[in-house]
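Using the hints provided, position chain B relative to the given structure of chain A.
Protein chains: 2
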Amino acid sequence: MNAHHQEADLGTPAVTATLAEWVVNLQAPDIPAEVRREGLRTFVNWVGCAVGGAAHETAEHALKAFTPFSGSKTSTVLGRRERLDPAHAALMNGITSHVLDYDDTHLKTILHPAGPVASALLALAETRPVSGTDFLTALIAGVEAECRIANCVYPDHYDRGWHITGTAGVFGAAAAVGRMIGLDAQQMRWALGLAASQSSGLREMFGTMTKSFHPGIAARNGMMSALLAEAGFDSSERAIEAPRGFAQVMSDKQDWDEITEGLGTRWEAATNSYKPFACGIVIHPAIDGCIQLREEMGEAKVAQIASVRLRTHPLVLELTGRKSPKTELEGKFSVYHCASVALLHGDGAPTAFTDAIVNDPQVVALRGLIEAETNPDCHEASVDIEVTLRDGSTHAKHVERAIGSAEKPLTDAQLNTKFTDQAELVVGAETARALCDLCWSLEILSDAAEVARASTPEKG
Amino acid sequence: MNAHHQEADLGTPAVTATLAEWVVNLQAPDIPAEVRREGLRTFVNWVGCAVGGAAHETAEHALKAFTPFSGSKTSTVLGRRERLDPAHAALMNGITSHVLDYDDTHLKTILHPAGPVASALLALAETRPVSGTDFLTALIAGVEAECRIANCVYPDHYDRGWHITGTAGVFGAAAAVGRMIGLDAQQMRWALGLAASQSSGLREMFGTMTKSFHPGIAARNGMMSALLAEAGFDSSERAIEAPRGFAQVMSDKQDWDEITEGLGTRWEAATNSYKPFACGIVIHPAIDGCIQLREEMGEAKVAQIASVRLRTHPLVLELTGRKSPKTELEGKFSVYHCASVALLHGDGAPTAFTDAIVNDPQVVALRGLIEAETNPDCHEASVDIEVTLRDGSTHAKHVERAIGSAEKPLTDAQLNTKFTDQAELVVGAETARALCDLCWSLEILSDAAEVARASTPEKG
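The listed protein sequences derive, respectively, from chains A and B.
Yeah, the first sequence ends on 460 if you go by the working numbering, and it's all consecutive.
Yeah, the second sequence ends on 460 if you go by the working numbering, and it's all consecutive.
Okay, chain A solo, but in the shape it has when bound:
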C-alpha cells in the first residue's frame, strides 16, 4: 500500500455497507408515489427503446456470437422471436435498449440508468417470478444505487474516459437483482464487490457497436454478481470506498456523501429523463426548434428555404459539428443533418437517422444551406434559429428549454408516442400498443415477466 492509498484510507466512510443495507431493506411503501411513478416511466421508456432497437444490426452480430453459448432458453430477447438464458437475454436487452441513443438519461452524470438495471431484472424475472410491485421496487433501488455511485465519482471519472453507463451501471444491476432475489446485507456487499471487479467500459468505443455492449455487459455482470453472492462466492465488503476499490482506482474525485446522504429522502431515481430524439442531448434544442418552426411556418415553405442560421451552446459544434455525414451513426453527430430532417420531415426519431435518410438528396441539399455558430451565453438546453426564405422573408425561433430537458420533461402521452412510433416498426402496431399499455400496468401484474413475453413480434 503506497502513501497515497494509506492516506486515502483514513476516515473513509463505509459507503458500501451503508448502501447495501439500504437496498436490502427497501420496501415498496418506503418509496414516495412520485418516485414510483418516475420509476414506472423509466420502465416504459426502457421497454420501448429495447423493442425499438431489437432489429438493429448490432443485435444481429451479438446474437450470432452469443447464441451458441446460451443455456436454457427461458428469457425473451425483447422485440424478437429468440429466447436465451437470463444472462444472455439481459446482455442483449442492454445492447438493444441503448443502440439507438434513445434511452433514459440521468442528466447530472449522463448515465443511462435503465439499460443495465431493467435488462438484468426482466430477464431473470422470467425464471424467478416476481410481482410487478416488487419488480418496480428493485428497479428503483438499482437506479438509485448506480446514480449515487456515479455522482460520487462524476465528473472526473467520466472526463478520464470511462463510459459511466457501463462502469456505474454494473453496480445498479447487482443491487437491483440482489434486492429482487432477497440477498442479505453481507451477500449484497459481496455482490457490490463482484460488480466493482467487473466495472468497465471506455468512451473510446463511442461510434462503434461496443458502446451499446457496455450496458449489456453491465446488466449481465451485475446479475451474475448477485447470483454468485447468493451462491456463497465472497468478495470485498468495502469495494466502493477501499483504497484499492472502485472510486479511488477509477477516479481522482470521490464525494462519499453523494452515495449515502439522504438515502430514502432525496431520490436520484426521481430525476431520470427521457430523450425525445434519438441522438445525444446537446443536439435536442436544435431539433425541437426546427420541428416547431416547420409547424409554425407550414410544411410548404420548407421547400422555399434559402438559408438557416443556428446559434447554439459551444458543446453542440464540439460534439456534433460533422458537416457531411454518410451513415446512421455519423448522422447522430451532425447538427446540420438533424436540423435538415427536422425541418423537412418533423422527425427526430430513429427514422431520422437511417443510412438512407442520411444520404437522401433532399436532406443533403437542405443540410448545405444550414450554418451554425456558437454563443457562449447560450444555455445547453436553448437555441436560436433563423430561417430565411427565397423571397427574403424570415422566420425565427427561440427555444428557451428544449423538450426532454429537466424543465420540460416528456409527458406520459409523449412517452406513449415515442414508445409506439419506434416499437411498431419492429413488432407491429397492435403489439406495440398493447405492450405499451401492459408496461403502464406493471404495478398490478402478479408476474412482471408478462411484459417480456408480450414483446414478441407479430407474425408476417
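Mixed in with the good hints there might be a few duds.
Keeping only pairs whose Cα atoms sit at most 25 angstroms apart, straight-line, the calculated BS3-like set for lysine-lysine is [what the hints assert, rightly or not]:
id, chain 1, residue 1, chain 2, residue 2
1, A, K323, A, K408
2, A, K73, B, K64
3, B, K323, A, K253
4, B, K73, A, K64
5, B, K301, B, K323
6, B, K108, B, K408
7, A, K108, A, K408
8, A, K73, B, K73
Chain B stretches covered by chain A per the calculated footprint, using a threshold of three residues with CB under 8 angstroms from any CB of chain A [unchecked claim]:
id, region
9, 146-155
10, 222-229
11, 236-245
Worth flagging that the hints you see were computed from the coordinates, not collected in a lab.
Quick reminder that beta carbons are idealized off the backbone N, C-alpha and C, glycines included.
For chain B alone, coordinates are given in the frame of chain A:
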C-alpha cells in the same frame, strides 16, 4: 476531448494495429525453439495448477452459480467431472488455475500469464479442434501480447490498484483465441477493442474469492471478444493507445515501445517463471531456506528448535507479516507460518496451507519461536536464516537466490513433481502422471483438447 487527452493523442503510435498484425501473422516456425519450450513449460505448469485447484471451495461456489447458465456442455472443467460450454469452462479453469496462488508469474509485472490465455484456448479447442502445435503458437502469441501490454503500463497501473492479471490478461485471451480461430487483422483490432472495454479487476479483492475470479473472467471475456469480432461486431481499432483507450484511462504511465519494439525477436513469453511454493513470491526465499536447513540438519533436530531468526527483504514483512493466521488464505500471508511448515514438514505446496495445517498445534508452537527482521540490503530473492537448538547449537542458511527466481528456475523435473504432487490429490496418482506426460507431448497432438479430456478424475 479535454486538453490532456488532445495533447496525449499527438504522435501516439498505432500500437493496437501493430500488435494485431503481428499476432495474426505469427506462425509456428517464427518462434525460436527455446521460446516454444518455455511456452510448453507454461502450459504444463498451468494444467497442473488448474487440476490442483479444481476441488477448492471457490470453484464449488462458482459452479453453483454458473452451471444453470451453461450452454451445450462441450468443454471440460479441468480436474472435475463437470462439463460446461467453452465460455464457462474457460471461466472455471481461469479461477482454479489461480486459486492456490501457485501459477506462473511474469516477474517484471507480477502478471500471471497462463490463466487468462490457456483457459480460453483449451476450453474453445474442445469445440473448434486445433493441433497441439497451433495451440502452442496461439498460447505464446497471447502471453506475448498480454505481457507487453502489461509492461506498457506497469508499474503505475498496478500501483493504482489494478489486478494486472485481469486487466492485461483479457487482451492475452482475445489475442490467443483470435489467432487460434484465424481472425484477420481488422477483426483482431476489434477483438482487442472489445477486450479493452472489458478490462477490469481490483486489487482490493486480494484475500477474497474474487481475486481468482479475475483470470476467469479475463479468459471468458477475451474469448468472447474474439468470437464477437469474428461475427462482425465492431469496436475501436486503436483501443490500447487512444486518448480514451486502455492505457491512458487506466494508467498514468505509458511506454508504447514496450508493446511493439522487438516483436518477434525479444520474447516476454520466454521470461515466464513458475512458483515452487503456493504463495506470494516474496516469501519463497524463506521457505526455500527452511526446507534446505531441515534437510541439512536432519528432521529429528527440528523438534529441538529453541528459536529461529529470519533476516529478509523489507517487502516480506510488509506483505506477509501476519503473526497468527487462522485460515488457508491468512497462512499464505504469514512468513512465520510458512517457515514453520517448511521446517516441520519440508512443505510449501498447497498442502502447507490448508485450514487444518494452519491451526495444527505443532505448527502453531514452532511459529511462536520464529522472529523476523528486515534488512534493506537483502535482495528480494534472498534470505538469511539462523536456527538455535535447545542445546545452544546453531544452524545457519544463506539463500542467495531462491528456487523459482529468474536466476534459479524450476527444472522440468521439478515442474513434474509440482504437477503430480498437487494433481494426484484431486484426480488420483495414475491420472496425474499420465496427464503430465500428455501435456509435455502437446506439440505432437493432432487435437490439443485431448489434454482437457484426460484430466477427468479417477473413479472412487
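Which of the listed hints are broken here? 1, 3, 9
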